[in-house]
Amino acid sequence: MKITRIEGTAIPMRGDDIDTDRIMPARHLRAVTFEGLEQYLFQDERAGSAAGDRAGTVHPFDNPRHQGASILLVNRNFGSGSSREHAPQGLQRAGFRAIVGESFAEIFFGNSLMIGLPCVTAAPDEMRELMARVEERPDARLRIDLDARTCDMDNGFRCAIALPGHARDALMTGAWDTTGMLLDRYAEVDQAAARLPYVVGF
Amino acid sequence: MGQTLLQKVWDLHTVRTLPSGQTQIFVGLHLVHEVTSPQAFDALRARGWTVARLDRTFATVDHIVPTRERTRPFLDVMAEDMIAALERNCREFGVRLAGLDDDRQGIVHVIGPELGLTQPGMTIACGDSHTSTHGAFGAVAFGIGTSQVRDVLASQCLALEPMKVRRIRVTGTLPRGVYAKDVILTIINRLGVGGGVGYAYEYAGDVLARMSMDERMTICNMSIEGGARVGYVNPDETTFAYMKGRPFVPAGDAFERARAWWRAMASDADARYDDDVEIRGEELTPVVTWGVNPGQSVPVTGRVPTVGRGPQGADGAPGGASGGGDAQAVADALAYMNLHGGEPIAGTRVDVAFIGSCTNSRLSDLREAARIVKGRRVAAHVKALVVPGSASVKAAAEREGLDEIFRAAGFEWRSAGCSMCLGMNPDKLQGHQVCASSSNRNFKGRQGSPTGRTLLMSPAMVAAAAVAGAVADVRELA
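Chains as they are written, first to last, in my numbering: chain A, 3 to 204; chain B, 983 to 1460.
The set of hints was computed from the structure by calculation and includes no laboratory data.
None of the values given here were measured: they were computed from a predicted structure.
There's no promise every hint is true.
[To be verified] Among chain A residues calculated to face chain B with C-beta under 7 Å, some are:
| hint | residue |
| --- | --- |
| 1 | P27 |
| 2 | L31 |
| 3 | S84 |
| 4 | R151 |
[To be verified] The following residues of chain A were derived to be distant from chain B, with all beta-carbon distances above 12 Å:
| hint | residue |
| --- | --- |
| 5 | D46 |
| 6 | N65 |
| 7 | E131 |
| 8 | A150 |
| 9 | C161 |
[Stated by the list, open to error] Label pairs and their calculated CB-CB ranges:
| hint | chain 1 | residue 1 | chain 2 | residue 2 | range |
| --- | --- | --- | --- | --- | --- |
| 10 | A | R145 | B | D1256 | 30 to 40 Å |
| 11 | A | G203 | B | D1250 | 20 to 30 Å |
| 12 | A | R16 | B | D1256 | 52 to 62 Å |
| 13 | A | R145 | B | R1027 | 32 to 42 Å |
| 14 | A | R187 | B | D1257 | 27 to 37 Å |
All C-beta atoms, glycine included, are put in the ideal place defined by N, C-alpha and C.
Next comes chain B alone, as it looks inside the complex:
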């Protein structure tokens, strides 16, 4: 009987079974950022501990950093204090830091892969739930809280419970205008926002096999929105081609040896899964969320659900009821969103368009969005911004002239950070604004205003919404 990648990586990284019955797992890469680490470093100081494996630890700044004016000290005193704390901690403990002025700075889940820190067969932990992103490379990567950040800093290990594996095969081909974001939003809608608790999701099938690394990262990124702490794709030639030549990836003969090992870490053809799900690529459409969790979505051609009837597609057929929740959840979401059951989601007016976040801020995302806005103008009432995922993505986009396309269309062009995904910096929704967003969460208050409203969609769909001033079907613009 073959093994899944998860089982292979788990076994290889097992240190021992702890007295608690949990497994002590060695963490191959620990990524650190400013928000979830200060209390962990304080705990090390208080107990007189050092960082166990500086060679397996790397830090950057992303969550709280301003994306417009970055002169130090920041006007935002708390942001200045938080960045200064990370700088001090990294200096004191000897942790490598891609700081604000470093050309490697960026969202932690964008720079890990870019630098080649993220590699197949690794265990990767970070104090951020979207660490599942790195699973796109065939790593077992998961988010942790600050007490666990302390554990990893001090011991390079975690005490973990085994996970089950659900394989999700996306078969066939995707229709034109349907992106990785639509695939993962559909998966979450069908399996539910809590459906993945206790599971790692293994994404497979022809659609995944043909996807670029950027697209696979978008899929794995949102595993946690389906309740799965881990999501991964088996490494293949696409993975290896992406990795070759990156700063932390072995070169020459060592690359060939690494490639052989990486390939061997992939799930065996006869591996057994705890659950198996098939999604037919041909059936997928561009998707938009209407509610307050990422499972509450409909096709862009669909209608906002009516309380008690479940979400409906364009043809009025029920679909995705698992993602909508019960009648109370639907009613509560509609009231918060100020949407009315039965009305088409297309045409919903938007005030803000945000292209960015660890889900969709990579070069290919910006290229697709730029293709839509080129030669068009952002609607007069819409504030639109593009926040590249890293300094490197920003520079590459500028070399291609994407910044000029966005600016000409009326978008603001910013520096790298998490920005309006969670509004920890000055980039926030105001009042009841509605935002077409390429980010990952439409929770109440998520984008910085307690009454702000988020419609999740692909970056191309955000571009279309920015131009139309309302939710629009990107297939009619492309």
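One chain only, chain A, in its complex shape:
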């Protein structure tokens, strides 16, 4: 599948360093499949049981104004912590097709790319503007164009987005499922292994 343009409404999920334990608590890693993970996104904080929750605050994922969103807006270092692919799997299964943020944790970014979920970055002031506009007009549609590297809103706002060249190419050419590529020309893998003394014996 080739991924070039993603269009839809968005959910702003504010805060830096949102870790994968928050996105997908570890008790939901106990099944041997990824099925159904979409039900558990941010489960602990959505339950309102977290000690830090201010009374009356509706979690963005529970806000009816954002239902049906397919683009997630985040701040800095989103997806830090555990390597659990369950986090991006849950987001993708909940209908998210792209994440726009100030920056991403490395393993989370890689896991998302491996399943065809683009994580693109925008400048902090552009993120502030995007989030504010989406909070004001939750029904506004965003269009992310990986080719043009832009994010447009249907009320006229536009900002530049960035992602590493290899990720952009992989998504746009449909080569984000890497296994086939790695198995191609396998004789070269055997040659590389044969150079390693710990593989062939010291």
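Please build the complex by placing chain B on the supplied structure of chain A, with the hints as guidance.
Coordinates of chain B only, in the frame set by chain A:
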């Protein structure tokens, strides 16, 4: 111009440049555990693939295993299913497995080094972010997700982007009562939890040179908590002495040849770094986290930060603001932790004391903690447990009588696993409990209760907190 260890290992393991522009890297050792592998094995089955290099693949069980009652089938049906799935997958594909009853079983990042599977100059991957631990041996080791586990099983390769290298030199000497855990928590506090994104951290300096392998593993383990997927220490005589005689390490003349190769993989003296940071060992103190990420810490003599002012040391001077985050992050963390800005962190009451995890569950960790609790009693209101990192660590500790010391003090003595670090097994915090923990993450809900609270610290500090019933300065007990 010399090269860093990272560059040497990277070049040596490069298969080719992929059409995507990424580098195809050969993975020298793939460690597998029960939680992040079942979907990967399913993908192999669905596509009719085999495991490419059984000789470079090794599995164990750690995350979901009970640490108390281990009779099969487990009462926990999901845990039973998950362990059974790994056993079936390993049998079907021919992967070596140190299973539940194997005397080599344990946390994957404890047994790799113990068995000598982990060696300098290797690339090591595992479906767990704390794979950076193995960098203590001068390996380039990193965590991957399940789709990448599938790739490594099928091809023994990964498609990767190059990393920059930041050298972090810890110079001078550490004061008494300051441990490897305090060093890495301080590094994360100063450089930030996202500061290492895109970097490998090379830990160096006199303090690292004098550290044991156990201590270096603690440091490298938490690289990912600073955002760095890879952390490593150049291999030296301490490394080679640790390795000699371990089951998967070459013996005799082959060991000497291996040693020469390992030594040559270390960074050259004139290697160039993308960034260089110095931390003065003399300035370090025992550290405790007060917040909801590992960068949010203060010296045990310090105070919980006040919103808008940044964390403060004992003298009221600001310090570690990078780790605290902005005002909103500090306010949010304090509210979750139910801590009040300006109060001393020492004296914070704890309900649970946990000694374990891939960060701090090795024999030397247990020895230090036992030294503190010997002849003392765990406070009446504290539930305290020790979970050794491996069956081998457990047996060695029992030979030294450490289990008796812990039991006499009121600790529970368990079998090896990840346990209360992430609460995937029955070892969980309850309700709003506060846990003094030797693990690596104080994220919201991390230890199994959605409202549980974690204070990260060294195992010796956990022992001190268990005895005092509250956060205490281990230097006053030792």
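Evaluation of the provided hints:
The interface hint given for P27 of chain A is met, as the beta carbon of that residue sits about 6 Å from the closest beta carbon of chain B, less than 7 Å. Using the Cβ-Cβ criterion of 7 Å, the hint placing L31 of chain A at the interface with chain B is satisfied: the shortest such distance is roughly 5 Å. With 7 Å as the threshold, the beta carbon of S84 of chain A comes within range of chain B, its nearest partner Cβ sitting at about 5 Å, so the hint holds. Because the closest C-beta pair between R151 of chain A and chain B is about 16 Å apart, greater than 7 Å, the hint is violated.
With a least beta-carbon separation of about 4 Å from chain B, D46 of chain A fails to lie farther than 12 Å from that chain, contradicting its non-interface assignment. Against chain B, the non-interface label of N65 of chain A holds: every CB pair exceeds 12 Å, the least being about 18 Å. Look at E131 of chain A: its CB is around 18 Å from the nearest CB on chain B, clear of 12 Å, so calling it non-interface holds up. The claim that A150 of chain A lies off the interface holds: its Cβ sits roughly 20 Å from the closest Cβ of chain B, which is beyond the 12 Å cut-off.
For C161 of chain A, the requirement that its beta carbon stay farther than 12 Å from each beta carbon of chain B is met, with the minimum near 21 Å. The hint said 30 to 40 Å for the Cβ distance between R145 of chain A and D1256 of chain B, and at roughly 36 Å that hint holds. Separated by about 26 Å at the C-beta atoms, G203 of chain A and D1250 of chain B satisfy the suggested range of 20 to 30 Å. Our hint of 52 to 62 Å for R16 of chain A and D1256 of chain B is violated, since their Cβ atoms are close to 31 Å apart.
About 39 Å separates the C-beta atoms of R145 of chain A and R1027 of chain B, a value consistent with the hinted range of 32 to 42 Å. The hint said 27 to 37 Å for the Cβ distance between R187 of chain A and D1257 of chain B, and at roughly 35 Å that hint holds.
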